[in-house]
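Protein chains in written order, with my numbering: chain V, 1 to 115; chain A, 1 to 114.
Among the hints, a few may not be true.
As a list, the in silico SDA-like pairs of lysine to any residue whose alpha-carbon atoms are at most 20 Å apart [said to hold, decoys possible]:
no.: 1; chain 1: A; residue 1: K42; chain 2: V; residue 2: F39
no.: 2; chain 1: V; residue 1: K41; chain 2: A; residue 2: K2
no.: 3; chain 1: A; residue 1: K2; chain 2: A; residue 2: Y70
no.: 4; chain 1: A; residue 1: K2; chain 2: V; residue 2: E52
A short, non-exhaustive set of chain A residues, derived as facing chain V with CB atoms under 8 Å [stated by the list, open to error]:
no.: 5; residue: E43
no.: 6; residue: G54
no.: 7; residue: G58
no.: 8; residue: R76
no.: 9; residue: G107
Treat the hints as calculated values from the structure; they're not laboratory data. By construction, the Cβ of each residue, glycine as well, lies at the ideal position given by its N, Cα and C atoms.
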Amino acid sequence: GAVVSQHPSWVICKSGTSVKIECRSLDFQATTMFWYRQFPKQSLMLMATSNEGSKATYEQGVEKDKFLINHASLTLSTLTVTSAHPEDSSFYICSAGGLNNSPLHFGNGTRLTVT
Amino acid sequence: RKEVEQDPGPFNVPEGATVAFNCTYSNSASQSFFWYRQDCRKEPKLLMSVYSSGNEDGRFTAQLNRASQYISLLIRDSKLSDSATYLCVVNTIRTTDSWGKLQFGAGTQVVVTP
Numbered sequence: 001g002a003v004v005s006q007h008p009s010w011v012i013c014k015s016g017t018s019v020k021i022e023c024r025s026l027d028f029q030a031t032t033m034f035w036y037r038q039f040p041k042q043s044l045m046l047m048a049t050s051n052e053g054s055k056a057t058y059e060q061g062v063e064k065d066k067f068l069i070n071h072a073s074l075t076l077s078t079l080t081v082t083s084a085h086p087e088d089s090s091f092y093i094c095s096a097g098g099l100n101n102s103p104l105h106f107g108n109g110t111r112l113t114v115t
Numbered sequence: 001r002k003e004v005e006q007d008p009g010p011f012n013v014p015e016g017a018t019v020a021f022n023c024t025y026s027n028s029a030s031q032s033f034f035w036y037r038q039d040c041r042k043e044p045k046l047l048m049s050v051y052s053s054g055n056e057d058g059r060f061t062a063q064l065n066r067a068s069q070y071i072s073l074l075i076r077d078s079k080l081s082d083s084a085t086y087l088c089v090v091n092t093i094r095t096t097d098s099w100g101k102l103q104f105g106a107g108t109q110v111v112v113t114p
């Protein structure tokens, strides 16, 4: 069964609105979670590393004021796409990994379409 | 040069045949390696970790070549359900409490045909 749950699976929103995506680790506590974006036929691109109880670490080129990340507990991280534009339409995926170099587990992804 | 590179394919494979493909990485400090499978419009799912000595899981065999800095995945007796994109994932730092820098390949598409 899934160990990382992501919600919603898909969302359609109007340009200018904000969308919140939740990522939950179900079987373990995740001090660190990762947020990715994937455009069609391209690889996963890491957007940011979400750290429980502290600020997220953003990758170069990712606007922290546009993609707000909150990791308030050991099992929940949220990504809010603020003032969404059509170019933000993409597949957003979160992941979490256990300690001791165990593999990552991915959420089921959120397909965002901004109209 | 990308840190992790894969042949995008597609590799068109007759059902029952064997297919193999590689993933090269540029950082010699890389320590952990994984193969993930991603179906169209779905999230990646772990297929297998790659160990230094090579490892096998059913019809799937993974190898690591540190000297040439690549990992490989071989699929024997291909099934139609093996059609997917296979992503390699490389981690450069390994500690007990840190994931370090994960790098993803763009994926190799495999299409198994009847």
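Here is what the structure says about each hint:
1. A hinted pair counts as satisfied when its Cα atoms are at most 20 Å apart, and A/K42 with V/F39 qualifies at roughly 12 Å.
2. Distance check on the hinted pair: V/K41 and A/K2 sit about 16 Å apart at the alpha-carbon level, within 20 Å; holds.
3. Restraint check: the Cα-Cα separation between A/K2 and A/Y70 comes to about 13 Å, which is no more than 20 Å; the hinted pair holds.
4. Restraint check for A/K2 and V/E52: not satisfied, since their Cα atoms lie roughly 30 Å apart, outside the 20 Å limit.
5. The criterion of a C-beta within 8 Å of any C-beta in chain V is met by A/E43, whose closest approach is roughly 4 Å, and the hint holds.
6. A hinted interface residue such as A/G54 counts as satisfied when its beta carbon comes closer than 8 Å to some beta carbon of chain V; here the least separation is about 17 Å, so the hint is violated.
7. Below 8 Å, beta-carbon pairs count as interface contacts, and A/G58 has none with chain V, the closest being about 17 Å; its hint is therefore violated.
8. Taken as an interface hint, A/R76 does not check out: its beta carbon lies about 23 Å from the nearest beta carbon of chain V, beyond 8 Å.
9. Given hint, A/G107 at the interface with chain V, holds; its Cβ is 6 Å from that chain's nearest Cβ, closer than 8 Å.
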